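Visitor: These are the residues of each chain, in order.
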Amino acid sequence: MKELLWLIPFLPFAGAFILITTGSRLSKKMVPVIGAGSVGLSALVTLLIGYNFISTSSASFHFTAWQWIDIAGLSPAFAFHLDPLSLIFIFVITFVGFLIHIYSAEFMADDDGYARFFAYLNLFVCSMLILVLADNLVLLYFGWEGVGLCSYLLIGFWYTEEKNGYAARKAFIVTRVGDTAMAIGLFMLFQNFHTLNIQEIAAQAPQLWVTGSNTALIIALLLLGGAVGKSAQLPLQTWLPDAMAGPSPVSALIHAATMVTAGVYLIARTHVIFELAPIAMLVVGIIGAATLVIAGFAALTQFDLKRVLAYSTISQIGYMFLALGVGAWSAAIFHFMIHAFFKALLFLAAGAVIMALHHEHDMFKMGGLKKKLPVIYWTFLIGAASLAALPIVTAGFYSKDQILWLTLAGENGNIWFFLMALLGAFVTSIYTFRMLFLTFFGKEKTHVSHVPGRGMNIPLLVLAGLSTLAGFIELPHSFGHLTIFSDFLSPVLPAVKVQEDFESIEWMIQLIAAGVAISGVYVAQMFYVIKPELSDELKSSAADLHKFWFSGWGFDGLYNFLFVRPFVFLASINKNDIIDKFYDGLVALANLFNRIFSFTQSGILRWYIMGIVIGGILLLSLGLING
Amino acid sequence: MNEVQTVSGLLLAGILFVLGLVGVLIRRNIIFMLVSVEIMLNAAGLAFIVAGSKWAEPDGQVMFIFILTMAASEVSVGLALILQIYHQLKTLDGDAANKMRG
Amino acid sequence: MQITFYIAGAIAVLSTMMVITRFNIIHALLYLVVSFLALATVFFILGAPFAAALEIIIYAGAIVVLIIFVIMMLNLKAEAVDEEKRWLTPQVWIGPAILSIILLGELIYIISSMETTGSIAQMVDAKAVGKSLYGEYILGVELSGMLLMAGIVGAYHLGRQKKKVIHRFLEDVEE
Amino acid sequence: MTEPINPWLIIGGVLAGLLTVAPGLIWLERRLLALWQDRYGPNRAGPFGVLIVLADTIKLFFKEDWIPPFADKPVFVIAPAIVAITVLMSFVIVPFAPGVIVVDLNIGILFFLAMSSMGAYSIILGGWASNNKYALLGAMRGAAQLISYEVFMGLSLMGVVLITGSFSLQDIVMAQKDMWYVVPQFIGFVTFLIAGIAETHRLPFDIPEAESELIAGFHSEYSGMKFGLFFVGEYLGITLISAIVVCLFFGGWLGPDFLPPLLWFVIKTFAFIALFILLRASMPRPRYDQLMEFGWKILLPLTLLNLIVTAAIVLVRSGAELNFKF
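Chains as they are written, first to last, in the numbering used here: chain A, 1 to 627; chain B, 1001 to 1102; chain C, 2001 to 2175; chain D, 3001 to 3326.
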């Protein structure tokens, strides 16, 4: 069965290839068949392989396609490695990706770049699959950059508008900062291990370094830089809200299944190194905690539906980082999976809403859509509940609760992390339901022009189901202690050690979390349903704070001041390119010679003969003088 | 009775060659240039004949015959070119045929 | 015999000088014929009668006639002579002439400083030339044949004039 | 062989003989033409009208020696001289009888060819110098015709040269003791005769001067003694070609002993002169392109074939081993 492993990334690639080469000639019906079909087939292959993998209870599948590079000891193969961690990732990528593809078939139907869109999507999925299946870090980096390229292409998909191109460039450049750090980290890894094979590194690292070694710390921090860039964490989070310029399915794909989770994957994949550098772990935790709170407050003030979701993504990834930081590896991955389901659901539903309202993004111009778009309302509600982690019925509750619990009870956990996470959960609950109330309740402000069809509803319903049910595979102690997920991951990711004296108070923490979530919903209802004037008052009384949060804590302004302006200034100084002057001189010199020599090419035969004669005389004279 | 010095023959060839060269250099008329080239070729042939005579070998004359055939074909092609040039440029000025100047 | 050689040589040089200085091209060609005849005499004296005969038959008889034929085809008028006069001004010929004189001086110096003590030996008749041609130089003969063939084909192709209109009723016919 | 005769004597004799023969031919031609065309011809002055030649000559001498003002004078004057000079020079190599030859050149035939190619200049230059469009047309035709026919004129002779192994006419005549070359070299003879007629631009190949089209062609502008020189040159040319044909193909002076060799030679030559005149009397003039086509497409391949076959036969008969060294 493992011989089929290569098919998983290859099928989306083949789809992309067909669409790129023949896309303009294909009929409108064939494009989604190829685009979604290739990913669907890939998902099917994933199911087969996954079933085979589990039923044979193998440790890992390995497949080498070909030797890629072989130079000076660096010999990465184009090889795929399947273990429980990557299995979960490819499962999420292919299935959520497939649902998003189906959704896109209807969503993008009127767009001119229909085939182009599916080609990019396929390539995106392919790159992400290569990333998670790579058996060495070089191939992983290849997929990593492929993901970056595709995100650039897709964010700037509607390239005729300048601000979309700007957003795409911003995403590309900001993530490039992280990628550079990661590349340096990879060089250092190679220098230390003389290999970039992940399994070999994982096996050798504990022998090479003692815990707390400086090299490990530096490498871990550099890798973290890459992860931070890709996953839009502090301080490189600024690109993600702008990335909403792309079509909604793209946002769904970026936020849920691919791209931003790549950072989580990278840290989980290289957890061996992080475990050897406790400081790095702490940094990961701090970054996660800070990000989740900051992004949460920023989300509170947004009025663009998709921007709220974008900040919520940053915030949720912050939870994952926090979990990684405290060593709760499987909790992070669990939250990743659940988050993929409900965030894809939310984005797709938001896309449907926006489409229904003539590409209206402003939540304050929406309202009263409960009746008009019932399917979307109910699915959005399920997604929102899951995001807000309403207790018991939602999957989000189980995953987030696990993180909350482990930030306190895990051996690396502390009370500050717990409090931050709790604050984040409260804010999450508020902005989530603020979004829901503003969009679906109240008076109808914009006329609904387009009711989504079956192609968009089915993915929504499937994702809604997953957002509810997927949580029950991992239940906390107080709910029957089901550990299917973490057991599955345990061969790859070590289980977290829980401090003994916290075991007894787990139910208390769950209660607090549930209370926080519900009180958040109540606050949202208070401000936006019962007394809407209250929110305006609050807004005017704390206008500066609102503005600060609205701009995402002023990070864009800060970076603009710190990096962009000086760089533009330098560029404007060097407009005439000082270094080029030397080469301009060379060009001028060549031009001069050209003019001189072309002057001799006068076309007048007698001059040529004259040249021959003079040459002859010179030769003869030389011969006479020397002879 | 044959007491002609080889040097005299070679000098004659040299003088004729230079005269042909002068002709090529100073005349603008392409027919004159062609004629002057013929003079130069002829002078070269003379040098061969002189050398052949010095050693009493036929090789000099053989070379002369080769030069002759070359001159004949050169003249035929050259005249055809002259006809075309005159046809297209309406002049025999060799300098006018510099249309491909860079 | 020696005096004949010098006379013929002098005629050749003089008539060649006349060739390159004439304004009327037919006159120049007549001098050229004289120069060739004088050279043929030189060849004869040098003991190469076969070459002498070929010089007259091919150079004087065929090549020059061909050139005159082409000149007659071009049908040059009296203006051509005036044009030549305009073209051949001192500032045009003085430079090349000086250069050539330098070259000539060098040639003369080189030739006269050579150790060429011998004088002309005996006559080499046509039979010897023919044996040499079709013996050791057979390859050269074949190459010459090819060269002549190429010359014929090239001259035919280049010299052909494309007729634009054959007849006013046949203007549409493309040649 | 007897004592060698003084070369100056021979030169004088040949010159005198030829200069007598040329005007005589004028009379002869007229008489013969008249005979074949069934009319009287010149028959008033002297016996059989012989003195008409004298009358003609006196008339030419006394005509105004006029040079057209638009003509290129030096060339105009030189042109008629060339034809007379080249033809007379060609007689240098003709053996009239054993020992009666001006110079026995070892490249005899080549010399004849060289001179005949020089003769082309008289037509070309005369036509060009006249500065007259008919004259120019005649000159161009003449140039093309002479160059073309010169090629196979030379080639047609080479068969004879091959068999004899010498360029010298004397050797060639001596080699015909047993058999005249007209038998083994019949094709050579025919092509040479045709080429010879063309070279002397006699009817039917008088394209350069075609009276009916070009008004006497290259010599339209000539009068007086200059025209006379062309005229004489033409008859000398006829004589020369006849003499060469006799030498090359009909045994030259060789003949039965009852007549002296010189007489044999003269008789044979006059027979060919008569043939020339007969051709003039009987043949129409071809068109210019027909003439060129006939030359290049029929005569040239024929002479080449003749040359190759002759060479092959000579090679086989000489018994040389056929291993070529390259």
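In case anyone wonders, no lab produced these hints; they're calculated from the structure.
These numbers were taken from a predicted model, which means no experiment stands behind them.
Check before you lean on any hint, since a few could be wrong.
Lysine-lysine pairs mimicking DSSO-like chemistry, simulated, CA-CA at most 30 Å apart [claimed, not checked]:
hint, chain 1, residue 1, chain 2, residue 2
1, A, Lys443, A, Lys370
2, B, Lys1054, C, Lys2131
3, C, Lys2131, D, Lys3177
4, A, Lys443, A, Lys581
5, D, Lys3177, B, Lys1090
6, A, Lys445, A, Lys365
7, C, Lys2085, D, Lys3133
8, A, Lys365, A, Lys443
9, D, Lys3177, C, Lys2127
10, A, Lys531, A, Lys365
11, C, Lys2085, D, Lys3073
12, C, Lys2127, B, Lys1090
The calculated label-pair distances, taken between Cβ atoms and stated as ranges, are [unchecked claim]:
hint, chain 1, residue 1, chain 2, residue 2, range
13, D, Ser3318, C, Glu2136, 39 to 49 Å
14, C, Gln2002, D, Leu3035, 24 to 34 Å
15, D, Glu3293, C, Glu2079, 57 to 67 Å
C-beta atoms are modelled at their ideal positions from N, C-alpha and C, and glycine is treated no differently.
Visitor: Looking back at the numbered hints, which does the structure fail to meet, lowest number first?
Guide: 4, 5, 12, 13, 14 and 15
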